[in-house]
Amino acid sequence: MYVYDEFDRAFLGERVDDFRDQVTRRLSGELNEEEFKPLRLMNGVYLQLHAYMLRVCIPYGTLASNQLRALASVARRYDKGYGHFTTRQNIQFNWIKLSELPDAMAELAAVGIHGIQTSGNCIRNTTTDPWAGATPEEIEDPRLYAEVIRQWSTNHPEFTFLPRKFKIAITAAKHDRAAIRVHDIGLRLHRRGDETGFEVIVGGGLGRTPFVGKTIRDFLPKEDLLSYLEAILRVYNSGGRRDNIYKARIKIQVHEVGTEEFSRRVDEEWAQIREGALRLDEAAFDAIRDRFVNPAFEALDDAPAALAEALKNPDFARWHANSVGPHKVPGHAIVTISLKPVGKPPGDATADQMDGVADLADTFAYGEIRVAHEQNLTLPHVRQKDLPELWRRLDALGLATPNVGLISDIIACPGLDYCSLANTRSIPLAQRLTERFADPERIADIGRMHINISGCINACGHHHVGHIGILGVEKKEQEFYQVTLGGKGNLKTRLGELIGPAVSEEEVVDVIERIVDTYLDLRESPKETFIAAVQRLGLDPFKERAYAAR
Amino acid sequence: MPLVKNGAVVPDPFTVVEAEGPLPEGAVTVPLARLLAEGADLAGRNSPLGVAVPNTADVRELAPHLPHLSLVVLDFPKFRDGRAYSQARLLRERLGFTGELRARGNVLRDQVLFMVRCGFDAFEIEKADDIPAFAKALATYSIFYQPTGDGRPTVASLRAGHA
Amino acid sequence: MTSPLQQKLKITGPTAVTANRLADGVVVWLTAAHGWSTHIGEAAVATTSEAALALLNAAHADENHAVGAYAARVAVEDGRASPANLRERIRVDGPTIAFDAAA
Ligand code: HEM
Ligand code: SF4
Chain E
0 MYVYDEFDRA FLGERVDDFR DQVTRRLSGE LNEEEFKPLR LMNGVYLQLH AYMLRVCIPY
60 GTLASNQLRA LASVARRYDK GYGHFTTRQN IQFNWIKLSE LPDAMAELAA VGIHGIQTSG
120 NCIRNTTTDP WAGATPEEIE DPRLYAEVIR QWSTNHPEFT FLPRKFKIAI TAAKHDRAAI
180 RVHDIGLRLH RRGDETGFEV IVGGGLGRTP FVGKTIRDFL PKEDLLSYLE AILRVYNSGG
240 RRDNIYKARI KIQVHEVGTE EFSRRVDEEW AQIREGALRL DEAAFDAIRD RFVNPAFEAL
300 DDAPAALAEA LKNPDFARWH ANSVGPHKVP GHAIVTISLK PVGKPPGDAT ADQMDGVADL
360 ADTFAYGEIR VAHEQNLTLP HVRQKDLPEL WRRLDALGLA TPNVGLISDI IACPGLDYCS
420 LANTRSIPLA QRLTERFADP ERIADIGRMH INISGCINAC GHHHVGHIGI LGVEKKEQEF
480 YQVTLGGKGN LKTRLGELIG PAVSEEEVVD VIERIVDTYL DLRESPKETF IAAVQRLGLD
540 PFKERAYAAR
Chain W
0 MPLVKNGAVV PDPFTVVEAE GPLPEGAVTV PLARLLAEGA DLAGRNSPLG VAVPNTADVR
60 ELAPHLPHLS LVVLDFPKFR DGRAYSQARL LRERLGFTGE LRARGNVLRD QVLFMVRCGF
120 DAFEIEKADD IPAFAKALAT YSIFYQPTGD GRPTVASLRA GHA
Chain S
0 MTSPLQQKLK ITGPTAVTAN RLADGVVVWL TAAHGWSTHI GEAAVATTSE AALALLNAAH
60 ADENHAVGAY AARVAVEDGR ASPANLRERI RVDGPTIAFD AAA
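Protein chains in written order, with numbering that gives the first Met the number 0: chain E, 0 to 549; chain W, 0 to 162; chain S, 0 to 102.
Worth double-checking, as some hints may not be accurate.
Ranges of calculated distance between the beta carbons of each label pair, as one might list FRET restraints [as the list claims (entries may be wrong)]:
id, chain 1, residue 1, chain 2, residue 2, range
1, W, L157, E, D193, 25 to 33 Å
2, E, G275, W, A32, 28 to 36 Å
3, W, K126, S, S36, 26 to 34 Å
Quick list of in silico lysine-lysine cross-link-like pairs, DSS-like style, CA-CA up to 25 Å [what the hints assert, rightly or not]:
id, chain 1, residue 1, chain 2, residue 2
4, E, K526, E, K542
5, E, K96, E, K79
6, W, K4, E, K487
7, E, K491, E, K526
8, E, K79, E, K164
9, E, K173, E, K327
10, S, K9, E, K474
11, E, K36, W, K126
12, E, K213, E, K487
13, E, K474, E, K526
14, E, K164, W, K77
15, E, K173, E, K213
16, E, K173, E, K491
17, E, K246, E, K213
18, E, K491, E, K213
19, W, K135, E, K36
20, E, K96, E, K36
21, E, K475, S, K9
22, W, K126, E, K166
23, W, K4, W, K135
24, W, K77, W, K4
25, W, K77, E, K246
26, S, K7, E, K475
27, W, K126, W, K4
28, E, K173, E, K475
29, E, K487, E, K164
Every beta carbon over 10 Å from chain E, so not counted as near; a handful from chain S, in silico [claimed, not checked]:
id, residue
30, A22
31, T30
32, H38
33, A57
34, A74
Keep in mind that the hints were calculated from the coordinates and are not lab data.
The C-beta atom is built at its ideal place from N, Cα and C for all residues, glycine as well.
Based on the provided sequences and hints, a complete structural model is requested.
If you want it as structure tokens, here you go:
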């Protein structure tokens with residue numbers, strides 16, 4: 000992981016002081032709410048239904064154990080003892096007081112974490128593959144580039160008042176765990192001959208007008224990363240719409256001017272700055288690469304005897320099959336920690352669980368933790384021989400539910416329990432679904448399945464790209480839910496299709512179950528996944544059964 | 000609106016003139032459209048010339064006129080509307096404008112450092128309270144990550160210097 | 000400069016004005032004396048659009064104490080306001096998520 004140096008730390012200190020001064024001026028009335036709101040948003044502070052919310056960035060999803068402990072401490076001291084991990088590699092605290100925020104931020108800054116640019120119409124924290132640096136399928140660790148982008152975009156004087164928020168995601172693996180096609184800019188690191196560069200995708204996004212991003216450059220040499228990004232941002236800052244908040248994202252600009260014209264404008268601008276001060280040379284990359292501390296992996300063999308013995312226990316074997324993935328280093332493994340225990344709010348972790356995971360990371364995983372897009376945690380570097388003990392200790396923390404990637408591994412936005420924009424609740428619905436699909440054997444039989452829930456059209460729960468997507472709508476002050484099928488969030492991103500009229504809060508869990516049963520009845524074999532079956536069969540058989548009981 | 004340059008309130012010598020009508024003696028700022036229409040005539044006057052540019056304009060249109068311009072005024076109709084930051088950088092860094100670059104409109108102290116970094120050197124400050132705080136606002140940060148035309152050392156250059 | 004005063008508001012039933020307290024975000028209700036209370040039962044209830052608009056404008060003028068003010072329909076029993084819909088019920092009672100589940 001990247002360790003902040005004296006400059007990064009000095010900057011964080013200055014930022015906390017700046018915000019403290021702004022909060023003081025707001026509380027004294029010197030700044031009015033209209034002036035203050037963008038300033039607090041730029042520091043990750045929202046106003047929700049019950050209180051202020053602080054969104055803290057987990058840079059490219061990587062945390063050191065002491066940072067996770069600092070998050071636990073903030074949860075305990077300034078909040079109600081828990082935090083909510085989001086799909087954007089952030090954590091949200093739902094009960095923070097404005098007057099205490101500067102102190103909470105100072106505590107976090109002491110360990111090098113912050114909420115800078117996790118909100119507001121600026122370049123947001125860059126997200127990446129939670130398995131970066133651990134997965135055997137990547138060509139290079141993408142976090143280096145995510146950090147390069149963080150530094151360039153931090154307090155960028157030209158791009159702090161953009162038409163709308165701006166999200167960049169990057170991946171270097173074949174399997175896209177960063178959803179790069181539904182970001183304002185998606186970057187896919189790949190090789191051409193000996194050279195490393197990026198496929199650049201722009202104009203993706205979910206929200207009320209979902210778009211799959213368009214590739215505007217197949218291969219951008221890595222030296223040109225920042226000049227090209229600056230060119231895109233300048234074209235967007237100058238020409239993106241500001242007359243209508245719902246049309247202000249870059250996806251609308253790309254759509255309205257056309258991909259070709261947009262990319263022509265970018266190229267025209269880029270030609271002017273490509274050879275300028277933003278050009279990156281090896282020394283620039285090295286200076287940042289050197290700040291990354293990577294674990295000193297032990298020389299170990301794959302499949303140690305202790306593991307083989309433990310696999311005779313069916314409960315351990317089930318968890319192992321579900322939550323453990325291959326690592327690039329022999330004798331190691333990647334462990335996903337499900338934050339989706341049956342009946343609990345998806346993505347929530349208590350302060351005690353955070354401390355517990357931090358301890359486990361220190362004992363078993365070189366002190367490192369990742370936050371995954373699916374609102375789970377990951378221990379990226381675990382010695383295989385330690386897996387059985389790790390599993391026992393995770394179980395003791397209530398964190399060994401073997402449902403990663405399965406139907407109860409639900410992504411849900413905060414919804415009406417917290418969010419002031421919501422139509423409906425999301426979390427209680429997720430809780431009911433996990434209770435309906437609680438049987439580990441049944442969910443393993445159903446197999447790979449993503450249910451994504453958003454409480455309104457803003458799509459924070461990524462419902463468009465859920466295999467089953469659920470969108471909350473309000474009818475006469477009652478909660479209703481629209482159901483879509485067939486969405487996918489990987490490199491072959493597809494948006495789900497609506498199966499029909501919205502169903503009521505009482506019906507929705509039954510409807511989902513009938514859809515799942517339809518799949519189980521019609522699949523060619525257990526090898527055919529739900530999403531493959533939907534693609535083969537189309538919506539009709541699912542529709543019919545879903546509404547059959549009405 | 001008090002005009003602030005180099006941290007101090009200074010008198011504004013420029014008279015704002017409209018799209019049409021006779022020009023007064025002395026320094027004037029004209030709207031962009033008038034400059035584009037009457038550029039040659041305006042350049043022939045013997046007093047300083049300024050232009051007020053809407054934030055929707057492509058500042059590259061100003062290129063042929065820059066040698067005759069002492070002042071370019073860019074507009075922040077709302078502080079949240081950041082188009083003029085890009086215009087400013089293009090004027091300074093691409094088109095090499097060296098005259099006064101002035102921010103007008105909803106100009107607040109929490110944004111002035113960004114403005115300075117993009118090349119502004121004059122500010123029509125909206126709130127009188129912000130003037131004494133101006134110097135402080137510019138000193139809020141000592142660490143800058145990205146290169147702009149303002150010449151402040153970036154973190155990358157400092158790191159290289161330390162190595 | 001505070002929020003521009005709203006010109007129009009049409010209500011469909013008894014209405015109170017609610018916001019979040021500036022310093023800590025706690026849900027508050029505008030009282031008849033144009034102060035803020037954390038109890039919905041102490042909210043001033045308007046029954047005409049004009050009265051509701053007057054409350055809302057009083058709230059907007061007091062942005063240094065409470066922010067994000069809006070008019071919310073309420074139920075009235077014995078002259079005291081109570082939540083009329085799920086959103087306001089959640090704002091008054093807290094999230095519907097069982098907290099022992101979260102803890
Ligand atoms: C309760 C606080 C939240 C508020 C007020 C909020 C607000 C919004 C809004 C207004 C949009 C639509 C933006 C647009 O389409 O232009 C949006 C999109 C989005 N939000 Fe949130 N959100 C909140 C919480 C979350 C959480 C908890 C997550 C992660 C689980 C999240 C992740 C996202 C993502 C991924 C998108 C859609 C992708 C895109 O940007 O196009 N948000 N949010
Ligand atoms: S999808 Fe809607 S309800 Fe859910 S968090 Fe986003 S804005 Fe709130």
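Comparing the hints with the structure gives:
At roughly 32 Å, the beta carbons of L157 (chain W) and D193 (chain E) sit within the given window of 25 to 33 Å. The hint said 28 to 36 Å for the Cβ distance between G275 (chain E) and A32 (chain W), and at roughly 32 Å that hint holds. Judged by the Cβ atoms, the range 26 to 34 Å given for K126 (chain W) and S36 (chain S) holds: they are separated by roughly 33 Å. Of the pairs offered as hints, the one joining K526 (chain E) and K542 (chain E) holds, with about 23 Å between alpha carbons and a cut-off of 25 Å not exceeded.
Annotation: proposed proximity of K96 (chain E) to K79 (chain E) holds, straight-line Cα distance about 11 Å (limit 25 Å). Restraint check for K4 (chain W) and K487 (chain E): the C-alpha separation of about 55 Å exceeds 25 Å, so the hint is violated. Proposed proximity of K491 (chain E) and K526 (chain E) is supported: the alpha carbons are some 20 Å apart, at most 25 Å. With a C-alpha separation of about 29 Å, the suggested pair K79 (chain E) and K164 (chain E) falls outside the 25 Å cut-off, and the hint is violated.
Straight-line distance between C-alpha atoms of K173 (chain E) and K327 (chain E) comes to about 14 Å, which keeps the hinted pair within the 25 Å bound. A distance of roughly 20 Å separates the Cα atoms of K9 (chain S) and K474 (chain E); the hinted pair therefore holds under the 25 Å criterion. Restraint check for K36 (chain E) and K126 (chain W): satisfied, since their Cα atoms lie roughly 18 Å apart, inside the 25 Å limit. Pair hint K213 (chain E) plus K487 (chain E) holds up; C-alpha atoms about 16 Å apart against a cutoff of 25 Å.
As the CA atoms of K474 (chain E) and K526 (chain E) are separated by approximately 39 Å, the hinted pair breaks the 25 Å bound. For the hint pairing K164 (chain E) with K77 (chain W), the CA-to-CA distance comes to about 17 Å; that is within 25 Å, so the pair holds. At most 25 Å may separate the alpha-carbon atoms for a hinted pair to count; K173 (chain E) and K213 (chain E) meet this at roughly 18 Å. Between K173 (chain E) and K491 (chain E) the CA atoms are separated by roughly 11 Å; this keeps the pair inside 25 Å, and the hint holds.
Between K246 (chain E) and K213 (chain E), the direct Cα distance comes to roughly 17 Å. Compliance with the 25 Å bound is thereby established for this hinted pair. For a cut-off of 25 Å, the pair hint linking K491 (chain E) to K213 (chain E) stands: about 12 Å separates their Cα positions. Distance check on the hinted pair: K135 (chain W) and K36 (chain E) sit about 21 Å apart at the alpha-carbon level, within 25 Å; holds. For the hint pairing K96 (chain E) with K36 (chain E), the CA-to-CA distance comes to about 15 Å; that is within 25 Å, so the pair holds.
For the suggested pair K475 (chain E) and K9 (chain S), the alpha carbons sit about 17 Å apart, so the restraint of at most 25 Å is met. Taken as a hint, the K126 (chain W) and K166 (chain E) pair is broken in the structure, with Cα atoms around 33 Å apart against an allowance of 25 Å. Taking the CA atoms of K4 (chain W) and K135 (chain W), the gap is near 14 Å; set against the 25 Å cutoff, the hint holds. Pair hint K77 (chain W) plus K4 (chain W) holds up; C-alpha atoms about 21 Å apart against a cutoff of 25 Å.
Taking the CA atoms of K77 (chain W) and K246 (chain E), the gap is near 18 Å; set against the 25 Å cutoff, the hint holds. Between K7 (chain S) and K475 (chain E) the alpha-carbon distance is near 23 Å, which keeps this suggested pair within the 25 Å criterion. Between the alpha carbons of K126 (chain W) and K4 (chain W) the distance comes to roughly 15 Å, so the proposed pair stays at or under 25 Å and holds. Of the supplied pair hints, the one linking K173 (chain E) and K475 (chain E) is violated, its CA atoms being roughly 46 Å apart against a limit of 25 Å.
At most 25 Å may separate the alpha-carbon atoms for a hinted pair to count; K487 (chain E) and K164 (chain E) meet this at roughly 23 Å. Taking the minimum C-beta to C-beta distance to chain E, about 5 Å, the non-interface status of A22 (chain S) is violated against the 10 Å cut. T30 (chain S), annotated as away from the interface, keeps every beta carbon of chain E farther than 10 Å; the closest lies near 20 Å. With a minimum CB-CB distance of about 15 Å to chain E, H38 (chain S) clears the 10 Å threshold, and the non-interface call stands.
For A57 (chain S), the requirement that its beta carbon stay farther than 10 Å from each beta carbon of chain E is met, with the minimum near 16 Å. Residue-level check passed: A74 (chain S) sits 12 Å from the nearest beta carbon of chain E, beyond 10 Å.
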